[in-house]
Amino acid sequence: MLRIEELSVSYGSVRALTDVDLDVRGDGVLHGVIGPNGAGKSTLLDAICGRRRPTAGTVRYCGEDITRRSISWRRRQGMARSFQRTSIFEDLTVHEQLDLVAQHLGDDRLDDVIEVMDLGSHLDQKAGRIAYGVQRRVDVALALIGRPRLLLMDEPGAGLSATETLRLFEHVRDLVRERAIAAVVVEHDVDAVFACCSMVTVLDLGRHLATGAPEAIRADHRVIAAYLGTAA
Amino acid sequence: MTGDLHGTATGTLGGRLSRMSLAIVALSIGLGAGAFVPTCLASDFVLRLGSEGLLLGMLALSVAFLMNQAGLVALGAASIYGGAGYLFAIGMSEWGLTPAAALCTGFLIIVAYVIVLGALIVRTNPLAFMMLTLAAGEMISHAVLLEGLRDYTGGADGLLVQLKGSILGIDVADLADPARFWSMAWIVAVLAGLAFWGIARSRLGAVLRAVRANEERMRFSGFNTFVPRLIGYVLVNVVAAIAGFLHVLNAGFVSPESLGLSVSTNALVAALMGGIVGSLGPILGGLIFAFAQDEFGARGLTQLLTGVAIVVFIVVFPRGVVGGLSSALGLFGWRREAS
Amino acid sequence: MIALLIANSLALASLLIMLSSGLALIYGLRDVINFGHGAIYMLGAYLGYTIALVGGFWLALVLVPILLALLGIIFEYLALRPLQRRSHIEVALVTLGLGIILGQVIIYIYGGEARSIDAPKILSGSISVLNLSYPVYRLFLIVMGLGSCALLALWLRYTPSGLYVRAVSQDPSVARMMGINADRLSLLVTSLSTAFAGIAGVLAGPYLSIDPGMDVAMIVNCLIIVVIGGTGSIGGAIVAALLFGLVQVAGSVFLPNLAALVPYILLMVVLLIAPGGIGRGRVLS
Chain A
1 MLRIEELSVS YGSVRALTDV DLDVRGDGVL HGVIGPNGAG KSTLLDAICG RRRPTAGTVR
61 YCGEDITRRS ISWRRRQGMA RSFQRTSIFE DLTVHEQLDL VAQHLGDDRL DDVIEVMDLG
121 SHLDQKAGRI AYGVQRRVDV ALALIGRPRL LLMDEPGAGL SATETLRLFE HVRDLVRERA
181 IAAVVVEHDV DAVFACCSMV TVLDLGRHLA TGAPEAIRAD HRVIAAYLGT AA
Chain B
1 MTGDLHGTAT GTLGGRLSRM SLAIVALSIG LGAGAFVPTC LASDFVLRLG SEGLLLGMLA
61 LSVAFLMNQA GLVALGAASI YGGAGYLFAI GMSEWGLTPA AALCTGFLII VAYVIVLGAL
121 IVRTNPLAFM MLTLAAGEMI SHAVLLEGLR DYTGGADGLL VQLKGSILGI DVADLADPAR
181 FWSMAWIVAV LAGLAFWGIA RSRLGAVLRA VRANEERMRF SGFNTFVPRL IGYVLVNVVA
241 AIAGFLHVLN AGFVSPESLG LSVSTNALVA ALMGGIVGSL GPILGGLIFA FAQDEFGARG
301 LTQLLTGVAI VVFIVVFPRG VVGGLSSALG LFGWRREAS
Chain C
1 MIALLIANSL ALASLLIMLS SGLALIYGLR DVINFGHGAI YMLGAYLGYT IALVGGFWLA
61 LVLVPILLAL LGIIFEYLAL RPLQRRSHIE VALVTLGLGI ILGQVIIYIY GGEARSIDAP
121 KILSGSISVL NLSYPVYRLF LIVMGLGSCA LLALWLRYTP SGLYVRAVSQ DPSVARMMGI
181 NADRLSLLVT SLSTAFAGIA GVLAGPYLSI DPGMDVAMIV NCLIIVVIGG TGSIGGAIVA
241 ALLFGLVQVA GSVFLPNLAA LVPYILLMVV LLIAPGGIGR GRVLS
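Here the protein sequences come in this chain order: A, B and C.
The letter at position 67 of the first sequence is residue 67 when you use this note's numbering, and the numbering goes up by one with no holes.
The letter at position 80 of the second sequence is residue 80 when you use this note's numbering, and the numbering goes up by one with no holes.
The letter at position 170 of the third sequence is residue 170 when you use this note's numbering, and the numbering goes up by one with no holes.
Extracted from the complex, chain A is given alone in its bound form (with noise of 0.2 Å):
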């Protein structure tokens, strides 16, 4: 479903993506990224989404080279993303924001996307003045809407506890099951990571390290040393 090949994102001098190649495969899979600061995930997660245009390399989704489209064309072909800082419309009501891209993209199943993600009784609240953990659930839908194909996800537990950022993880793991659909999650808190995901991707100053299934991550010398430390 989503193929990256010998992508490199350089921000002038700075190279911070280097000849990083990853294959996504779609149904119900929800491959994490993982690695320290500075490895370049929020780059990779920019270059696919379309928010950075890569130096090299290509993005190839559902077999189309998709590198020089725009943010919106990938959005109506399926592929949504979250962010790690919550960008949501804060004057709008939540229903209004919802409503207002549902009907964009033709999604008649808002009901659905916001009994997933709990906002019931948020509806008539301007977005500003929510509490944050459920801002972020109003990010996390706005990407839902429109029964996207692909999703990318920059961080969905910062902000939150150790317990919410496992509980999203299974949410989401659940919702990518049954609809059939791809993940891919950038995270920090590398245990949800590995509780939930049936892939993982290490990346270490740009460069990709190593992927695979979390076990075989975990136990991975070069991960161990780069990133996660003897404790694993």
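Hints are all accurate, no fakes.
So, partial list: chain B residues that the calculated Cβ filter (under 8 Å) puts toward chain A:
{"hint": "1", "residue": "ALA206"}
{"hint": "2", "residue": "ALA210"}
{"hint": "3", "residue": "ALA213"}
{"hint": "4", "residue": "ASN214"}
{"hint": "5", "residue": "GLU216"}
{"hint": "6", "residue": "ARG217"}
{"hint": "7", "residue": "ARG219"}
{"hint": "8", "residue": "PHE220"}
{"hint": "9", "residue": "SER221"}
{"hint": "10", "residue": "GLY222"}
{"hint": "11", "residue": "PHE223"}
{"hint": "12", "residue": "ASN224"}
No farther apart than 25 Å at their CA atoms in a straight line, the calculated lysine to any residue pairs in the SDA-like style are these:
{"hint": "13", "chain 1": "A", "residue 1": "LYS126", "chain 2": "B", "residue 2": "ARG335"}
{"hint": "14", "chain 1": "A", "residue 1": "LYS126", "chain 2": "B", "residue 2": "ILE199"}
{"hint": "15", "chain 1": "A", "residue 1": "LYS126", "chain 2": "B", "residue 2": "SER202"}
{"hint": "16", "chain 1": "A", "residue 1": "LYS126", "chain 2": "C", "residue 2": "ARG85"}
{"hint": "17", "chain 1": "C", "residue 1": "LYS121", "chain 2": "C", "residue 2": "ASP211"}
{"hint": "18", "chain 1": "A", "residue 1": "LYS126", "chain 2": "C", "residue 2": "HIS88"}
{"hint": "19", "chain 1": "A", "residue 1": "LYS126", "chain 2": "C", "residue 2": "ARG86"}
{"hint": "20", "chain 1": "B", "residue 1": "LYS164", "chain 2": "B", "residue 2": "GLY96"}
{"hint": "21", "chain 1": "B", "residue 1": "LYS164", "chain 2": "B", "residue 2": "TRP95"}
{"hint": "22", "chain 1": "B", "residue 1": "LYS164", "chain 2": "B", "residue 2": "ILE109"}
{"hint": "23", "chain 1": "A", "residue 1": "LYS126", "chain 2": "B", "residue 2": "LEU204"}
{"hint": "24", "chain 1": "A", "residue 1": "LYS126", "chain 2": "B", "residue 2": "PRO318"}
{"hint": "25", "chain 1": "B", "residue 1": "LYS164", "chain 2": "B", "residue 2": "ALA179"}
{"hint": "26", "chain 1": "A", "residue 1": "LYS126", "chain 2": "C", "residue 2": "GLU90"}
{"hint": "27", "chain 1": "C", "residue 1": "LYS121", "chain 2": "C", "residue 2": "LEU53"}
{"hint": "28", "chain 1": "A", "residue 1": "LYS126", "chain 2": "B", "residue 2": "GLY198"}
{"hint": "29", "chain 1": "A", "residue 1": "LYS126", "chain 2": "B", "residue 2": "GLU216"}
{"hint": "30", "chain 1": "A", "residue 1": "LYS126", "chain 2": "A", "residue 2": "GLN84"}
{"hint": "31", "chain 1": "A", "residue 1": "LYS126", "chain 2": "B", "residue 2": "ARG201"}
{"hint": "32", "chain 1": "A", "residue 1": "LYS126", "chain 2": "B", "residue 2": "GLU215"}
Just so you know, the hints here were simulated from the structure itself, not pulled from any lab data.
A virtual CB, placed ideally from N, CA and C, is assigned to each residue, including glycine.
Once you have looked at the hints, place chains B and C on chain A.
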């Protein structure tokens, strides 16, 4: 008179229909009354001043709508207003067109210009947009004063238009009459206000507001964020152009002053005074401004007070004099104010 | 011929650099465009005129920047600081209003006719450079322009405050956490900006005219330059000012009928080709 046409209609269909028809009747009465009652009661001088106020109010509507819905401040409204007048005058004098043809040609040229300009500047951030509209306005001012175009534009002296012929059956020369012009201006201004109110309530309004709030998220939600803003920009300038045509039809004369920066800032002040939250405010702001300007006479003093007004209304009264009141009453507001 | 063109462009660009870099600095640091910048320039010119009448050009050149720096401090404390929490558009509008007020006060005091001021004896007349005769005053302008560019570059590169300004211009969110006293820096930048506007105003006296429309004319020029340069990019503003000067002068020589429109054409062309401006600044949303 309730302008709240959309209403939270929980009544029966019959109830809704009768509420709609009541509103339409009330609106028509208001439209008619406003068009004709003042012509019987007020002097020619007051009518003239009032008409000026209505035209300024339309310009203010155009500035206010873009500000409120798209978060963009257009400082070049006068160039469209005056430009429309110039194009009409040139059409009639130089190209010998009939009034209707001159109007249409002028309108088409303006729309083409606005689309091209808008396409260039609407992508930029709001501050850059503000700077660019100021620059574009000055560009038109300079263009009109070019020596090479003097034959067309009359240079610093401006152009006189011989108003003959008719448009849609209305004899153009009649529009010089203060009473008739007031009626015409009133009807057009109210329709413009209604149009903006309708657009604000429509999907375009919702999209504009959302793009203003979080442009990036809109792109990430599959929206094209450029086209709605361009459409908004074109629409507000269409209203500015209509006001400009009305102005020249009444005055029979255009000059570089009518497209100068001071007219744009006057429109801005009128919008701020009236409040930029709904259709009522800018129109009333225009009327207030016109009458106040008459009080203060000398142009320099008016300009000084314009500057003061801008500062005062941004810092102290952000909702404007009327705006706060009118949105409290729910009249022709441009946003659904959720609690 | 070409040499003359280049020299004249540099002279004009010198003034523009002094003005637009001030504007770009404030924008880079605070995300604020001071629409009253042209009025401050105008104040510098008129004040310079008055002081020069009494005490000579050089006194004006020294005194006006000091006075205008003080004005900058007042502006910072009375206008920019209290409005810090308001949106950038609102602050920009307030500066617009203040600029209009300042302009009108100046016109009220001095009246509506244009003034002229003569260059001081040392700088008047022409000098022979490479077989060409060239006005000394313009060479002086070029020197002043280069000098202020150099000073600016040195400050930005080698001082901590300059480094901070550069960092904030590039990425406001990260740099603001660096813990330097942003308020004091902002005060410095604002008063420098107004002081340089004042210098430019005094210098403009013998070179351009001193007239009631100069505030609008100059703010438009500066805005065009700042947009072309990429708002917030100081290097971009300097390059844009040079480009503007060249285009303006070339325009008045080769296309005299369209001379007034040439800067706008430049603006439109740049917007078409590079919507973000030349430098690495923040024009696009």
